[in-house]
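Asker: As a plain string of letters, each chain reads:
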Amino acid sequence: MADRTAHVSWSGSLMEGGGTITSVGSGAFGPLDVTWASRAEESDGRTSPEELIAAAHAACFSMALSHGLANAGTPAESLDTSATVTFVPGTGITKIALSVRGEVPGLGVAAFREAAEGARAGCPVSQALAAVPEITLDAALA
Amino acid sequence: MPRIIREADIAWEGTVSRGSGVVTASSSGAFELPVTIASRVGDPDGKTSPEELLAAAHASCFVTSLGSELHRAGAPAERVDVHCTITMDEVEGKGHLIVHSAIAARVVAPNATREILDAATKAADEGCPLSALIRASATVTVNATLEGGT
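These protein sequences, in sequence, are chains A and B. Numbering-wise, the first sequence is residues 4 to 145 according to our numbering. Numbering-wise, the second sequence is residues 28 to 177 according to our numbering.
Bound-form chain A, shown alone (with noise of 0.2 angstroms):
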């Protein structure tokens, strides 16, 4: 069992005050500025939950395409993935666009294809977020 944590300050109003991201259980980020103008306009450098959710994404399904693609005895050299979060401020996420460029000696890009779905369904971030309306997958070798 993994506990992680994160700790989040806000100060006045929604439209004119700001928060910070002050700390996360591993150190290894903070403080990061969020507020809701960077958060539903430009995001004008500062991080917001859906980038967060896009990064944890991101980071989950690389995990579980390795791990997959080790398992079945071709494993990557290396994976390059995108999550692009879409928010509609009111009605939530709508859409995770998931889109993966790999370099795996001796695998065709049938069967990489099919280990990407694989880690697209199965990770651990997919799954807490299967209630998104759409998550889609572009899978190919690079």
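If you're looking for bench data, these hints aren't it; they were derived computationally from the structure. Note that this is a predicted model, so its numbers are computed, not measured. Do not take every clue at face value.
[Unchecked claim] Taking lysine-lysine and the DSBU-like style, the derived pairs with C-alpha atoms no more than 30 angstroms apart in a straight line are:
#1 B/149 x A/98
#2 A/98 x B/121
#3 B/74 x B/121
#4 A/98 x B/74
Please arrange chain B on chain A, whose structure you already have, making use of the hints.
Answerer: Only chain B this time, still in chain A's reference frame:
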């Protein structure tokens, strides 16, 4: 309604057990962080993980929801502190799953009563998109306490 797009990238080298990746906040450029499987499931060793990033996402999503609900209730917060803990566990037959997200909020809102805070907390949980998503497959608990209220 405007569509808001946020993007992140990761470059992963090597196998999952020995390899490592660097995750980058591509929309904002706000962070670039190493991740490994060992630091994800074991001692974090100063490295972030998907679950920690999700904890940061849930905390920062909830904090804005709670702030706006208190404002709507006529008891605007001067300050809201939110702590989020995401738990991943190995579930028999299903592998690793995110099983729980625990939100703990501390609120400074001079006009808020316990009743106002409770109602705002419930509405914030319902309004935060990430709470709804996580609740579809795991448990979410939300706890809020008032500091300096009446």
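Asker: Next step is simple, just say for each hint if it's right about the structure.
Answerer: Right, here's what the structure says about each hint:
no. : hint         : verdict
1   : B/149 x A/98 : 25 angstroms, holds
2   : A/98 x B/121 : 24 angstroms, holds
3   : B/74 x B/121 : 26 angstroms, holds
4   : A/98 x B/74  : 28 angstroms, holds
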